[in-house]
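Number of protein chains: 2
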Amino acid sequence: MTDAVIADHSGRPIRVGLDVGGTKIDAVAVSSDDRIVARLRRATGWGEDAVVDSIVGAVLGLADELGVTTSDIASVGVGIPGLVDSDSGRVLHAVNLGVESLDLAVRASARIGVPFRVENDVKAAALGAAVLRGVEGSMAYLNLGTGVAAGIVVDGRIWRGSRGTAGEVGHLSVDPSGRLCGCGQHGCIETFCGGGALAKAWGRPGALPVRDILDAADAGDADALALRADLFHGAAAGVRVLVLSADVERVIIGGGLTALGDRLENGVRGALRAGAEASAFMRSLRLDERIELLPAGSPAAAFGAALVGASVPSKEIVSHG
Amino acid sequence: MTDAVIADHSGRPIRVGLDVGGTKIDAVAVSSDDRIVARLRRATGWGEDAVVDSIVGAVLGLADELGVTTSDIASVGVGIPGLVDSDSGRVLHAVNLGVESLDLAVRASARIGVPFRVENDVKAAALGAAVLRGVEGSMAYLNLGTGVAAGIVVDGRIWRGSRGTAGEVGHLSVDPSGRLCGCGQHGCIETFCGGGALAKAWGRPGALPVRDILDAADAGDADALALRADLFHGAAAGVRVLVLSADVERVIIGGGLTALGDRLENGVRGALRAGAEASAFMRSLRLDERIELLPAGSPAAAFGAALVGASVPSKEIVSHG
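Line order of the protein sequences matches chains C and D. The first sequence begins at 1055 in the numbering used here and counts up by one. The second sequence begins at 1055 in the numbering used here and counts up by one.
These are computed hints drawn from the structure, not numbers from a lab. Quick caveat, the model's predicted, so the values are computed rather than measured. Beta carbons: idealized from backbone N, C-alpha and C, even for Gly. Heads up, some of the hints might be wrong.
Output of the computed footprint for chain C on chain D, the stretches with three or more beta carbons under 8 Å from beta carbons of chain C [as the list claims (entries may be wrong)]: (1) 1311-1322; (2) 1333-1347.
Computed spacing ranges between beta-carbons, pair by pair [to be verified]: (3) D:H1240 with C:L1234: 17 to 25 Å; (4) C:H1147 with D:D1316: 34 to 42 Å; (5) D:R1258 with C:G1351: 42 to 50 Å; (6) D:H1240 with C:A1255: 20 to 28 Å; (7) D:S1338 with C:G1188: 35 to 43 Å; (8) D:T1123 with C:A1328: 52 to 60 Å; (9) D:N1320 with C:L1234: 27 to 35 Å; (10) C:E1190 with D:R1340: 44 to 52 Å; (11) C:A1350 with D:R1258: 54 to 62 Å.
Chain C on its own, in the form it takes in the complex:
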């Protein structure tokens, strides 16, 4: 991304943000007064070329919907799983997308002449959630989806840490005799509250296995009761880690499992209260009052990507002024 590109596009009214998931892309167009003026969903392609195609297609689809051309788009931000070099816009090891190494910002930008910025999807969602929920100070976004990870935002900026592992709380073990995690360890937080791990432990057919678990638990099924307790316990453990290490003021829970709504929120809150019952120290933290759940279908991730897209890379700030 060069100075010229930034300068050329600063007057354009529309910022686009894309949240690229394993199966679909959530795309939003954001106006200059920070309103979401269009939104669409597209299937995500598999493999490097198809991922670029589907991203470009989503941007063009939004332009169509708004009746504008790409010359009205100031920037595109992309939140995408995997290891992201946000300075170069390169994506590595996004295994759910069939991407091993993809020069995403350069390739997509070349296709439609708009500057692209790329960010890890959870970090972008964290920024979007912080802005949408009006959080000042510090917050963590705990993403409960197929996997579990968090993003931290402090004073309106994504907390990057030293090597990009900030917020990777999903792979902290909280029980040495817990289930084997995909990462090779036992009892990781993700094995308790990740949708993928819960579906595997449940092992019964169904399109929405975590919802099936909650329904079966309500009906008294013993396996389901245990897994439901794991879900709430694991999410509570994630909240505790984020507060007792980075000391964020609030934890906003997002991700696919927010489709469970109040059942999830009340369960996590209950687990936080139960965990604090025996401990005056934990009670003093009032963790149950410091969490909130994003509404199901919240555009936080795509909105955050739009904010990332419109930001000036840190390298540019250093080198130009």
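With chain C held as given, fit chain D onto it using these hints.
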């Protein structure tokens, strides 16, 4: 602390730092070129008045040793356990010192006419360790003493978080069937690697119980072998939490248990390696290469307190800057 006080003392050559522990105060005098030019230890008094007396006594003792008067002292920084309001210099709930509520900065300053700043001891030690070890970027200081807590320093500044619980990793549970912690939870990191918890679990007489545990483990004692494994496992868990949440670049281990030297460092490193054996993700973090142990008797905590003492409170920067 007023503008006038800060302005009055800025030309004085000596900054004093005190690390106030449950039994003794470690006091250093730091010259204007950041060298430690004097150091002494004093017993800590019990209760509010005695704590103030022993702190003032340590400052006067250093002045004596250097052949200077208090008019040569620009500032005193105090690192002290408990809940510290660093803006007002008030200390709450320092139970090991018999202090319930102490207006420490105001009372000590009134006695000798030198400005005092007060900071939580682990946070002050973290800053001292970062500067003494030349760490740029981000680091955590993991204090293994009677209890376990960490401080985080980013770009030369103490990371405070939102409510003062940043780095309180000692009270994260990593094993639901672990020992009962003093905080009321089970399996807290502190129950594995806190000197107090290990001594209690060991339950045999001796002045240096954790050293006794390591010696007995070397001799094949089964209880000691289990507790030694707990020590290394718990410290490794603390390192993992700090890296996978705040993503600090380095973790420096300090505190009383550093008297164990290489036996502790090699043990923690071994536990980090063993924990990563089954996990490519954990191996990729190279945690075993990112830890270091402070030398036993390191002045990091008192030196950090001296740096805190010489810093301008954030409120002053805001209101006069």
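Structure-based check of each hint:
no. : hint                             : verdict
1   : 1311-1322                        : violated (count 0)
2   : 1333-1347                        : holds (count 5)
3   : D:H1240 with C:L1234: 17 to 25 Å : holds, 22 Å
4   : C:H1147 with D:D1316: 34 to 42 Å : holds, 37 Å
5   : D:R1258 with C:G1351: 42 to 50 Å : violated, 60 Å
6   : D:H1240 with C:A1255: 20 to 28 Å : holds, 23 Å
7   : D:S1338 with C:G1188: 35 to 43 Å : holds, 36 Å
8   : D:T1123 with C:A1328: 52 to 60 Å : holds, 58 Å
9   : D:N1320 with C:L1234: 27 to 35 Å : holds, 28 Å
10  : C:E1190 with D:R1340: 44 to 52 Å : violated, 36 Å
11  : C:A1350 with D:R1258: 54 to 62 Å : holds, 57 Å
Going down the numbered hints, you'll see the structure goes against 1, 5, 10, while the others check out.
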